[in-house]
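**Q** For reference, the chains in residue letters:
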Amino acid sequence: MLCENLMETDNPEFRLWMTSMPTPKFPVSVLQNSVKMTMEPPAGLRSNLLSTYANVEDSDLNSCKQPAAYKKLLFALAFFHAIVQDRRKFGAIGWNIPYAFTLEDLNCSIKQLKLFLNDFDEIPFKVLRFIISDINYGGRITDYIDGILASCIISRYMVPEVINDDFYFSDTKTYRSIPAGSAADYLDMIKALPLNPSPEAFGLHENAEITTNQKLTRVMLETILSLQPRTSGGGGKTRDQLIAEISQNIEEQTPPPFNIEAAQKKYPTDYNESMNTVLTQELIRYNALLYLMKDNLVNV
Amino acid sequence: MSEDLDKVATSLHNNQVPITWATTGFLSLKPLASWILDLNDRVNFLTGWIDKGAPPTFWISGFFFPQAFFTGTLQNYARKCQIAIDELTFEFKIYDEIEHHEVTEKPEDGSFCYGMFFEGARWNSVTHCLDESQPKQLYSSGPMLLFLPRRNRIAPTTGIYNCPMYKVLTRAGTLSTTGHSTNFCLWLEFPSRDTPEKWIRAGVAIFLALLY
Numbered sequence: 046m047l048c049e050n051l052m053e054t055d056n057p058e059f060r061l062w063m064t065s066m067p068t069p070k071f072p073v074s075v076l077q078n079s080v081k082m083t084m085e086p087p088a089g090l091r092s093n094l095l096s097t098y099a100n101v102e103d104s105d106l107n108s109c110k111q112p113a114a115y116k117k118l119l120f121a122l123a124f125f126h127a128i129v130q131d132r133r134k135f136g137a138i139g140w141n142i143p144y145a146f147t148l149e150d151l152n153c154s155i156k157q158l159k160l161f162l163n164d165f166d167e168i169p170f171k172v173l174r175f176i177i178s179d180i181n182y183g184g185r186i187t188d189y190i191d192g193i194l195a196s197c198i199i200s201r202y203m204v205p206e207v208i209n210d211d212f213y214f215s216d217t218k219t220y221r222s223i224p225a226g227s228a229a230d231y232l233d234m235i236k237a238l239p240l241n242p243s244p245e246a247f248g249l250h251e252n253a254e255i256t257t258n259q260k261l262t263r264v265m266l267e268t269i270l271s272l273q274p275r276t277s278g279g280g281g282k283t284r285d286q287l288i289a290e291i292s293q294n295i296e297e298q299t300p301p302p303f304n305i306e307a308a309q310k311k312y313p314t315d316y317n318e319s320m321n322t323v324l325t326q327e328l329i330r331y332n333a334l335l336y337l338m339k340d341n342l343v344n345v
Numbered sequence: 067m068s069e070d071l072d073k074v075a076t077s078l079h080n081n082q083v084p085i086t087w088a089t090t091g092f093l094s095l096k097p098l099a100s101w102i103l104d105l106n107d108r109v110n111f112l113t114g115w116i117d118k119g120a121p122p123t124f125w126i127s128g129f130f131f132p133q134a135f136f137t138g139t140l141q142n143y144a145r146k147c148q149i150a151i152d153e154l155t156f157e158f159k160i161y162d163e164i165e166h167h168e169v170t171e172k173p174e175d176g177s178f179c180y181g182m183f184f185e186g187a188r189w190n191s192v193t194h195c196l197d198e199s200q201p202k203q204l205y206s207s208g209p210m211l212l213f214l215p216r217r218n219r220i221a222p223t224t225g226i227y228n229c230p231m232y233k234v235l236t237r238a239g240t241l242s243t244t245g246h247s248t249n250f251c252l253w254l255e256f257p258s259r260d261t262p263e264k265w266i267r268a269g270v271a272i273f274l275a276l277l278y
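Going down the list, the sequences are from chains P and S.
Each position in the first sequence, counted from 1, maps to that position plus 45 in this note's numbering.
Each position in the second sequence, counted from 1, maps to that position plus 66 in this note's numbering.
Treat the hints as calculated values from the structure; they're not laboratory data.
Check before you lean on any hint, since a few could be wrong.
Derived Cβ-Cβ restraints for the label pairs, each shown as a range [what the hints assert, rightly or not]:
id: 1; chain 1: P; residue 1: Arg133; chain 2: S; residue 2: Ile149; range: 15 to 23 Å
id: 2; chain 1: P; residue 1: Asn344; chain 2: S; residue 2: Glu153; range: 47 to 55 Å
id: 3; chain 1: P; residue 1: Asn304; chain 2: S; residue 2: Ile149; range: 33 to 41 Å
Predicted, not measured: the structure shown is a model, and the values here were computed from it.
Note that beta-carbon positions come from the ideal geometry of N, C-alpha and C, so glycine has one too.
Produce the entire structure from the sequences given, and follow the hints as far as they go.
**A** As structure tokens, then:
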């Protein structure tokens, strides 16, 4: 290891920067001896858009051949980015798999957007949609049902109508395509947005918020449960007594395994009745579980 | 006590399904207390089948591997009509004015199925269309369906939402060696007056089991 060979003569200003994905295999000792920084996308559409526009310069906005369209589409893109990142918080109803979309996905899409606007007089919306949702962001998407969602989201924002001043990004008209202005105009508009976006902004039902909060609560309680001491102190039943009681209770509730032979006699493999095969296969699968439970519960 | 058994004991203590049971068993998110009830329901469903013959309506949530049941339905039809099975796909007929226990006869072809739950939307049995969820009602029962095999069927492109069916609410699954997902089952079609995009963005899907 590098650290073990460090000499006193080494430059005291020496610092080692390491980056890593979140992984349970990361050595604890290194983690404990380090100053830790985490990169997480800002939560909420407003702060997400703010962080994007914090890096937008007027010189960049006006250096495109079609500045008005560029400003409009840049905001649509930033909004798309905020939506796909923030959908993660809803859990499985947001994305099947929580993808780590990054600022690079956005920056890459912005560069391409500018390129297309400089090279073509007519804006190639279809091409833009495909490049953004299927290639730049889609490159991270591994579940094809999520791919359908990404294409669906981009087709709501990357459309010719977004050039108009009366285009709205959500049905309640909270998020609007403002007249093409300076970076400061956009920042002012973003700062006036609600701190906490309603699920409606994502096209989700308001119930999605309840699901999300329930999940957060459950995760917290499960963490607390996992921290429970495994030995009980004073009074009441011991842990072993409790486990014996529970396992007896579960054992009583566990149904006996199926008699597969008898079932197979009654429902033999039949060319005209595939359901017999379906039934037998199901019985085999359930029996594997029932025998395992029986075995465990006797021995616990 | 071996280490594995100790883990089983800890899980029982915490009202969790032991990991070995969960991996040997059916995909489930339920805590131990409701998991064991679910297991009993499933075993009862199959016991009823063994004792009284295949039921007129199938409790689809009772299957360990529902994909095999769908293939079985297709295969029965293919063999009856002497058609290659890969020419067959399902048409979905919705029976929302009758309860599953009122059905006493098997359908001529295909299978009646019940036991599904919507998330993100609900079934409106008055308009017979997909509709917005009621406030605070996170999940709602789906209607009974007839899975009807059809030869060279051309799927409708308008007026429907293609709704993914998963076993449990986590949606994500891994691909197993059979080519099936561990979670995703198949696509259903539900009539809708709204555009499919609305339901896609709302994350509408149908599930065979819930959390508790």
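**Q** Can you give the numbers of the hints that this structure goes against, from lowest to highest?
**A** 1
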